[in-house]
Amino acid sequence: MKLGEIFREGLFFAVFSFSRFLFATGAWGFGTRHILRTWDGLGVMTRILFGGGALLMLLVMSAATVAQAAAVDPKSLGYQGGANSHPHNLSSLNTNADGIHAPPGGEDQICKFCHTPHGASSKGPLWNRPDPVGPSGDGSFPLYGQNSGRLGEIEINEIPAAKYGGEDYPNGSTRLCLSCHDGVTAIGEVLNGPPLASLSMSERGTIDLDTSHPVSFVYNEEVLAAIMTVPKKADQYTLPDPALGMLDRQNRMQCTTCHDPHFHTKAGSYTLPMWRNYSTFENVDYEGTCSACHVGGSSSSGLFRTPGIGDNHFTAP
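For the record, in the sequence shown the residue sitting at position 43 is 43 according to UniProt numbering, with numbers rising by one throughout.
Just so you know, the hints here were simulated from the structure itself, not pulled from any lab data. Zero decoy hints are in this set.
Simulated restraints, written as ranges between beta carbons of each label pair:
hint, residue 1, residue 2, range
1, Ser269, Val295, 27 to 33 Å
2, Ser279, Pro130, 33 to 39 Å
3, Ser76, Ala225, 35 to 41 Å
4, Ser122, Phe281, 35 to 41 Å
5, Gly139, Met228, 34 to 40 Å
Only pairs whose alpha carbons sit at most 27 Å apart, straight line, appear in this in silico DSSO-like list of lysine-lysine:
hint, residue 1, residue 2
6, Lys163, Lys123
7, Lys112, Lys123
8, Lys163, Lys232
9, Lys112, Lys266
10, Lys75, Lys266
11, Lys112, Lys75
12, Lys163, Lys233
By construction, the Cβ of each residue, glycine as well, lies at the ideal position given by its N, Cα and C atoms.
Take the sequences, apply the hints, and build the full model.
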């Protein structure tokens, strides 16, 4: 069957199906019956015209699909096929001369540094990174954010339901982040295959999390109830709207509560890195993230502040 015949027969089937829909919905009338009765009477010219229209529609739809696929957000890790300056683009395609990435001619697959379709770790989605060794090199980690997790008379690690600490601490996406950001584990080391590059984390990529917001702890109704027993804290905290997806499936707060590792937002006057709640307005985005859990946002009296907190990991006074 020729291409033109395929289009014409396909269009006839579509019109026939549409007529059945009109009949089923009660919209069948004289006009529709007239169109179908005269379908064969119009002859070859009508079939060609309708077939050409179907072809044109198909071409328009295809062009729209291609345009949509090409419209990748410039902040995305996959922008321009990897030829971008995204900090998490560790491939040789990275255009930032001062960035941490493979040298020219080196590994050019941007996903490979973190993900693999085969031989993946169960720690994360198709995860291709070894388990982090931690700052001490033995796999243990301090309770990051313990000081900033003070709630007055108690600390977050003193609330059993929060499960802050333990053998699996840190857990979830936070542990995945620390497979690079612990400042010790080699960045080019992967589970599936030989090392992709001889890379190490610079001081810019190593974050002092000792004074950051607490991570890898459960934040649910039980934890909130415990916080509300603290004097003057009962009206300072709330649970985030589940629709925002700020907590993981175990209701734990992680690095990904505030950050999206695939979305580079820090540029120009916008200083929030990989900000999940991004709308181009830094103050609005920052307050929106804080106020999801802290009543009053960054001005909430329920926040504990200490001098020397790391940049972008604190709530401004």
